[in-house]
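Based on the sequences and whatever the hints tell you, model everything.
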Amino acid sequence: QVHLQESGPGLVKPSETVSLTCAVSGASVTNNLHWWTWVRQAPGKGLEWIGERYHTGLSHYNPSLMGRATISVDKSKNQISLTLRSVTAADTAVYYCARVEGPTSDFDYWGQGTLVTVSS
Amino acid sequence: QSALTQPPSVSGSPGQSVTISCTGTSSDVGSDNRVSWYQQPPGTAPRLMIYEVTNRPSGVPDRFSGSKSGNTASLTISGLQAEDEADYYCSSYTSSSTYVFGTGTTVTVL
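Going down the list, the sequences are from chains A and B. Reading the first sequence from the start, the letters are residues 6 to 125 in this note's numbering. Reading the second sequence from the start, the letters are residues 530 to 639 in this note's numbering.
Treat the hints loosely; a few may be bogus.
Unchecked claim - So the derived list for chain A, only partly shown, Cβ under 10 Å to chain B, looks like this:
hint : residue
1    : Q46
2    : G51
3    : L52
4    : Y66
5    : N67
6    : V105
7    : D111
8    : F112
9    : D113
What the hints assert, rightly or not - Pair ranges (Cβ atoms, derived):
hint : chain 1 : residue 1 : chain 2 : residue 2 : range
10   : A       : S81       : B       : S624      : 30 to 38 Å
11   : B       : E614      : A       : P48       : 19 to 27 Å
12   : A       : L120      : B       : P537      : 20 to 28 Å
Simulated from the structure, these hints should not be mistaken for laboratory data. We treat Cβ as the ideally placed atom computed from N, Cα and C, and that holds for glycine.
Shown next as structure tokens:
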């Protein structure tokens, strides 16, 4: 069974950089059928797509993030990472990683999410 | 990119049917059949319920069905059950190779 597990620092100060990881088990991050994505959800709000990455390096991002996000794939650790720069209070959210079924472009497996709070 | 438009809430009695709409544009819902729906009970991660407009993943009850007409996709829950109470989100692949989610709909079972 595919399992995704996010982890992160929990609390980050404004203007800093936050890095999150997503450990993947039961699937390989280098599988040619899948992309890997991050989605966030601010408290009491809806889902917001952040971006996606393929193991070859191809990637796409939500233009609303103005280039602040970078997603990477670590083949040796079978994990996905998200780096978000210059954070503000508006970046406070639960961050989910998910697997993207390539041909159908749906998010078929999700992690349980990790809360990031931006506060001084 | 703007979020897809969903009604904030819908409700129904057990056994009834409810339909949630998801309206986008010709650059997302209208241009592609890669529309999916997700169920999110409070405090949990989203769960895939429908993919490619009409398809159900293994394990999803057949009372959940999807459709699309033009720029609007819909999710119908037939034979509503108490366990269906949750937030529901649509998602669409876009012509810019990105994804956009809907604003979300809370389903209440009366």
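Distance restraint hint 30 to 38 Å, applied to the beta-carbon atoms of S81 of chain A and S624 of chain B: At roughly 35 Å between Cβ atoms, S624 of chain B and S81 of chain A fall inside 30 to 38 Å, so the hint holds.
Residue hint V105 of chain A, partner chain B, criterion CB-CB below 10 Å: holds (9 Å)
Interface hint status, N67 of chain A versus chain B (Cβ within 10 Å): holds (6 Å)
Hint check, F112 of chain A versus chain B [nearest Cβ-Cβ separation less than 10 Å]: holds (6 Å)
Interface hint compliance - Y66 of chain A to chain B, C-beta minimum distance less than 10 Å: holds (8 Å)
Hint check: 10 Å Cβ-Cβ cutoff, G51 of chain A to chain B: The hint holds - G51 of chain A has a Cβ within 10 Å of chain B, the shortest such distance being about 4 Å.
Interface hint for D113 of chain A, Cβ within 10 Å of any Cβ on chain B: This interface hint holds because 5 Å falls under the 10 Å limit.
Interface hint outcome for Q46 of chain A [beta carbon to chain B under 10 Å]: holds (9 Å)
Interface restraint verdict for D111 of chain A against chain B (beta-carbon cut-off 10 Å): holds (4 Å)
Hint check for P537 of chain B and L120 of chain A - Cβ pair distance inside 20 to 28 Å: holds (24 Å)
Hint check for P48 of chain A and E614 of chain B - Cβ pair distance inside 19 to 27 Å: Since E614 of chain B and P48 of chain A have Cβ atoms about 20 Å apart, the given range 19 to 27 Å holds.
Interface hint compliance - L52 of chain A to chain B, C-beta minimum distance less than 10 Å: holds (4 Å)
When each numbered hint is compared with the structure, no violation occurs for any of them.
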